[in-house]
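Residue numbers (the numbering used here), protein chains in the order written: chain A, 1 to 375; chain B, 1001 to 1387.
Quick caveat, the hints were computed from the structure, so don't treat them as lab data. Glycine residues also receive a C-beta, built at the ideal position from the N, C-alpha and C atoms. Accuracy of the hints is not assured; some may be wrong.
[Claimed, not checked] Residues from chain A that keep clear of chain B, each with C-beta distances beyond 12 Å, as calculated: (1) A82; (2) P176; (3) V248.
[Said to hold, decoys possible] Here are the in silico distance ranges between beta carbons for each label pair: (4) A/L361 x B/A1331: 24 to 34 Å; (5) B/P1077 x A/S236: 33 to 43 Å; (6) A/V344 x B/A1364: 41 to 51 Å; (7) A/A75 x B/A1331: 34 to 44 Å; (8) A/E154 x B/P1077: 52 to 62 Å.
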Amino acid sequence: MKASLAVRNLTHNKVRTLVAMGGVCFGVTLLFMQLGFFATMSKIAMLAYDALDFDIVLTSPNYVVVTQAGSFPSANMYEARAHPGVERVMPLYATRHIWQNPVTRIRRPIEILGVNPSDPVSRRPDLERLVPVLDRPDTVLIDRLSRAELGPQEAGVVAQVGARNLKIIGQFTIGPGFEAGLVIVGDQTFARLVGGRPLDTVNVGLIKLKPGADPAQVVEELQRRLPADVRVLTRSELAAKETRYWVVNTAMGVIFGCGVLVAVLFGIVITYQVLSLEVSNRLSEYATLKALGFTDVYLAAIVLKQAVIFAVVSFIPGYFIALGIYYVGGSMTNLPIGMTVGRVTGVFILNLVLCCFSGLLALRILRRADPVDLF
Amino acid sequence: MRIPPRAPLGLRILMHAPRRLLVSVAGIMLAIVLMFSQSGFRNGVLDSQAELIERLNGELIIVGRLKSLWYVEEPFPSRRLYQARTCPGVQNVYPLYLETSRAVWHNTVDNSTRAVRVIAYNPDDPVIDVPEVHAYAAALKMPDTVLFDEKARDLFGRPQAGTQTELSRRKITVVGTFRLGTDILTDANLIMSDRNFAKFFPAPYQRTHLDEVTAGIVKLAPGAKAETVKRQLTRDLPDDVKVLTKPELVEMEMTYWRENTATGIIFGLGMAVGFAVGIVICYQVLYSSVSSYLPQFATLKAMGFSDAYLVGVVLQQALFLSILGFIPALAAVQGLFMVVGNLTGLLLFLTVGRIAFIFVLTVAMCMVSGIIAVRRVVQADPAEVFR
């Protein structure tokens, strides 16, 4: 009896209920969208590093983000290699440079990584196979997720990078994040690209440890051994630093974070507005029931059941529209925008709690007043 | 709550239930804040990218033929500027030099280094609308001096006049500050003289200093028409350069960011969804508000009031709710822009045009949904509403 009263309250005026649900549904979509964008900032932070096989890193004390890494003398790499826990050290060079589309001649800024072609920097099949071929001079690998305006990406295409002509010998898949493109070259090619910079300063030192070695312990020992012009970090410390840059130190991170706050506030107000209107529209009916002798608990149960149905039914389309937005955003930008189970659960619970809370709050007027006054 | 007896009926209906009114106004207000903030952030990215261009003191700009975004320099021979000066209608052409890839600033406070953008020109030339350069012209002509952008992000340790540090590994002294603003790719701007620029950033490939410029700022003679001079210059100059009007250059930069970057696309998506959600919420608030009073409207109709009168009352409500929500929303958005603008260094501002657009959109949506809600009374037999 109770359940069907809640349902019948909702279906009594289908159009009004649908419009009300539309408000809450779009609030859910908005929250999903802002959370999705915000989460993308931390996802792109480690896209490149996640493709590389290392346990700890050496960086300059000026390290900001991989494209602004600063540099340190490579002698530190040899020092580090002497540590018993270290299996191998692999230099990583990184910078931004200018790529020219061979067809349209338009130039775009891209991210370039340089590695020693004989180092096993990656265990991903495409990179494992292609990186050794980079020891041929003036060759380059291109991320197939780079923006289309960089031009044709097939092996054999020659593109001008800075002042040099590089031949594409293959493609890999990582994701350039917010950059227009990502390419990988051999260290000799990298040195020629940045104007003859000697390879004895390194941007990032990737270190693979021997099996069984404890990364935190090796980091501590290396930091003590090595001079102050280099920092040692575990992989997770690097991830935290890189993520922090993207989330806190970029305009986008700050704005998306703000967007989440606005969306939460939005959700609270809209949900309260909709649910409290639902209850106050029927206040005289609830008052009648109370005058007839039904308890406050009984009335609260009706409102709660109504709120739950409301929350669930308005959540579902909101979720699917959000999936659509993720798809559109992701396919237009090649950014890794995706839904997570945690996010779905969190938004669902938040929506449910807000709906129930709002409904019950509106009902409180009933508890305090004499039913007759409500007419 | 005492309501003046001669107040319009629409307003009296709204004020009859003050708590409900407050909640409805809050809903409208948030919808408006959403639309302003999403479009404001997107516009902020575009406006910030174009800010330096907007401040150029010329009607036409000469750039390299392949120039498609401001960040990629595309230098061309400075000889082109001498050729351009001979064109009729041209009062003067000023060289502008920019450097982004090789410019690295050393922050003495925390010993960090960061990329900066260096803007250089002859301090006597009125190239950019930055009044401080003229004031510091004499100091800027001294060797190894620079002005620093006050609006740079805090990560630079707030250099002041007198700060001594290194730029790209050469000693440099800050002689003053100016105000410009950052953008997505630039965390700080520096202004220096062209002579200093030649020393700090010698042209690669063994050419002599200042042989290549990033842009030529063309100041037209009084009475000259921009389009005419542009056509003439395009004919006169070889095709390793192109001539654009300032609005065209701004549009080129904005188009790149709006359509060709992940940043612009995501912000654009956020803006579109923000508008969609904002509009739906306005619709929903008005619809529920009017719907809860349908019995009263039906009674009025049964009493003999015309349909036009009822629609008029609803339109009044739409207008009142929109205005009541709009004013606090504007205040909230201004506050939000100030905070986020300070945190990010982006240019976030409201213009009359943008305010008017969102206001009209809000009112229109509220009115449309109010009319749809009251249709039941207008079209049907009023007694139906009471069933």
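Each hint tested on the structure:
The Cβ of A/A82 sits about 27 Å from the closest Cβ of chain B, beyond the 12 Å cut-off, so the non-interface label holds. At roughly 8 Å, the least C-beta separation between A/P176 and chain B is not larger than 12 Å, which violates its mark as non-interface. Some Cβ of chain B comes within 12 Å of the Cβ of A/V248; the nearest lies about 9 Å off, and the non-interface call is violated. Restraint check, A/L361 to B/A1331: a C-beta distance of roughly 26 Å satisfies the suggested window 24 to 34 Å.
The supplied range of 33 to 43 Å is broken by B/P1077 and A/S236, whose beta-carbon atoms lie about 51 Å from each other. Separated by about 35 Å at the C-beta atoms, A/V344 and B/A1364 break the suggested range of 41 to 51 Å. Checking the proposed 34 to 44 Å range against A/A75 and B/A1331 shows it is violated: the Cβ atoms sit about 59 Å from each other. Checking the proposed 52 to 62 Å range against A/E154 and B/P1077 shows it is violated: the Cβ atoms sit about 35 Å from each other.
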